[in-house]
Every structure is written in structure tokens, then in C-alpha cells.
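Visitor: Residue numbers (this note's numbering), protein chains in the order written: chain A, 1 to 225; chain B, 1001 to 1060.
Simulated from the structure, these hints should not be mistaken for laboratory data. All values derive from a computational prediction rather than experimental measurement. A couple of the hints might just be wrong.
Okay, the calculated beta carbon distance ranges per label pair [unchecked claim]:
1) ASN26/A x LYS1029/B: 38 to 44 Å
2) ALA225/A x VAL1024/B: 27 to 33 Å
3) GLU1039/B x PHE21/A: 48 to 54 Å
4) PHE20/A x LEU1030/B: 29 to 35 Å
5) LEU1021/B x ARG69/A: 31 to 37 Å
6) LYS1029/B x ARG69/A: 39 to 45 Å
7) PHE1016/B x ALA225/A: 40 to 46 Å
8) GLY137/A x MET1001/B: 52 to 58 Å
9) ASN26/A x GLU1039/B: 52 to 58 Å
Calculated pairs, DSSO-like style, for lysine-lysine (alpha carbon to alpha carbon, straight line, at most 30 Å) [said to hold, decoys possible]:
10) LYS1006/B x LYS100/A
11) LYS211/A x LYS68/A
12) LYS1029/B x LYS211/A
The beta carbon of each residue, even a glycine, is placed where N, CA and C say it ideally should be.
Here's the letter readout for the chains.
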Amino acid sequence: MPALAALAAALVSTAVALVFFYAPVNYDPDVRAPDFSQKIFYFHVPIALTAYACFGWGALKGFLHLWKRTPGADLESYVAIHQGVIFGVLTLLTGSIWAKIAWGHWWIWSEDQLVLFLVLFMFYSAYFMLRFSLPPGPGRANMSAVYALFGVVLIPVSWLAIHLSQQLIHPVVFRLKGPDMSGSIFLTFCVSLAALLTLAAALYRIELAGKRLDERLRELRELLA
Amino acid sequence: MTNAEKYVTAAYLVVFLAVLLYVVLIAAKLARLEREVAELADRVRAQQAKGSPREEEVEV
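Let the hints inform the model, and build the full structure from the sequences given.
Guide: Here you go:
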């Protein structure tokens, strides 16, 4: 775990350095001027992709809990969804800041991708209400796993929304033919994506270790009582 | 500082502060777990101290 945390710190530092000192400032053809706000993209898109990855991981763990009854899969699913919600908040915040510069609004309700991401985020936020409204035990674990699995359906819908939408205000980064980026921009984006995925993995492992320790302490306290 | 630069700084600060807050919360949780481990260790020691004279009697 310390090695993973150190790798995450190194990658995040490298990504920030690449964003501000290596990647060129994008030229906006509409206003015929450099577009510095595009620098947000290097963290906003990887954060959104990390949130999808966390929700997907949570659903996979939920599936393993239901199918193979893997010990600890329920807790792993819960922690992954918790991470996904944190990265979801960051996606919405960084996206809103970018929208304010680019569109002059914090939020646009007519944008399908924005609304679908918000729906996905709210769906997984409600996961905690469901989980903590039930008494601990196999029933709660099963219900949580089923809920986590249902939510995963929204991920491809949210991902594809931009391609299905008729109003293309939100920029498209990945097209069917490949990424819509030049060499240095794509390299910086890849490092940022690796940095945020590693950061999420490190935070996931730390939170999971804390939760497991908490569980074992509770058992120990019960045994000593 | 241009308007775009201010917003970019704000966006990166939001991410940094969120990670920092998360680390602070995890550190607080670790401190609580450490306290609980110490409390349980004290309880085990107290139970052993109560039980040890009888053990010594059996051994003698």
C-alpha cells in the first residue's frame, strides 16, 4: 500500500507538471485566442473516467458477492462506490467551473451528458441511503449488491449520451475512430488518467484497510465483552 | 491573472482540497482506531491481571 500511495503521489505531481509546463495552450478557433481554460480538461475527464471505473468496480464486486459469495466482496463494493461518489462530486465541480468559463453558465440542463452523469451520480448517492436503512447482515449485502449492479447500466448510457445527443455543446474527446487529441496533449491526458486511477486505487486500498480493521475491532470488542 | 487562469486555479484547488480533506478524515479515523486498539489492549491486560494469581496457584 505505501508503494501504491507513493506511485500515486509521483504520477499526480508529474501530471500537474505536464499540464502546466509541457502541454501546449489550446488555440480556440471560435474566439481566435489561446484557450487556457482547456487545462481543466486534463483532470476533469480522467476524474470522470475514474468515477465510472469505481462504479464499475463496485458493480463487479457486487456481482461477485451475489454469484460466488466471495468473502469481503460486499465491503469492497461499498468502498468502490464511495470512491466513485467522491470522484463524481469532483467531476461535477470541475465540469461546472469549466462550463462557467466556456459557456457562461455553471450548468446547462439541456445537455444530455451532463444530466445523465448527474442521474448516475444521484443513483449511486442513493446507494448509501438504501445500505444504511437496512440492518447489517446478508440481507443488506444482497440488496446493496443488486442496487450496485442496476446502476452500472447507466455508465454506458452516460458515456454514449454525447454521441447520441443532437446538441453537441459538450466537447467530444473520444470518437469511434480514436482519441481527438494531438501527441503532447494525448500524452499529458494519458499520464493524468494513470495518475487519477492510481490515486483512486491507493485511496480505495487505504479506506478498505480502515474498514476491515474497524470490523475486526468490533468483533474483538464483542468477544471481550 | 486572467479570468480563465483564475477558474483553472479554482478547479485544481478543488481537487487538491478534496484529496486533502479525504486524507485528514482517514487520519482522524486511524487515530480513533489506534485509541480503540489501545483501549482493547488495556482491557485484555486487566483481564490477564485478574486471572494470573489463580494461574500461579495452579502452577504451584
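Visitor: Take the hints in turn and mark each one as holding or not.
Guide: Hints versus structure:
At roughly 41 Å, the beta-carbon separation of ASN26/A and LYS1029/B lies within the given 38 to 44 Å, and the hint holds. The supplied range of 27 to 33 Å is met by ALA225/A and VAL1024/B, whose beta-carbon atoms lie about 32 Å from each other. Distance hint for GLU1039/B and PHE21/A: a CB-CB separation of about 50 Å, consistent with the stated range 48 to 54 Å. Taken as a hint, the range 29 to 35 Å holds for the pair PHE20/A and LEU1030/B, whose Cβ atoms sit roughly 33 Å apart.
Take LEU1021/B and ARG69/A: their Cβ atoms lie about 35 Å apart, and the range 31 to 37 Å holds. The supplied range of 39 to 45 Å is broken by LYS1029/B and ARG69/A, whose beta-carbon atoms lie about 28 Å from each other. Between PHE1016/B and ALA225/A the beta carbons are some 43 Å apart, a value that agrees with the proposed interval 40 to 46 Å. The beta-carbon spacing between GLY137/A and MET1001/B, approximately 55 Å, falls within the hinted interval of 52 to 58 Å.
At roughly 56 Å, the beta-carbon separation of ASN26/A and GLU1039/B lies within the given 52 to 58 Å, and the hint holds. Distance check on the hinted pair: LYS1006/B and LYS100/A sit about 12 Å apart at the alpha-carbon level, within 30 Å; holds. Annotation: proposed proximity of LYS211/A to LYS68/A holds, straight-line Cα distance about 22 Å (limit 30 Å). Between LYS1029/B and LYS211/A the alpha-carbon distance is near 10 Å, which keeps this suggested pair within the 30 Å criterion.
Violation of the numbered hints given earlier is confined to hint 6; every other hint is satisfied by the structure.
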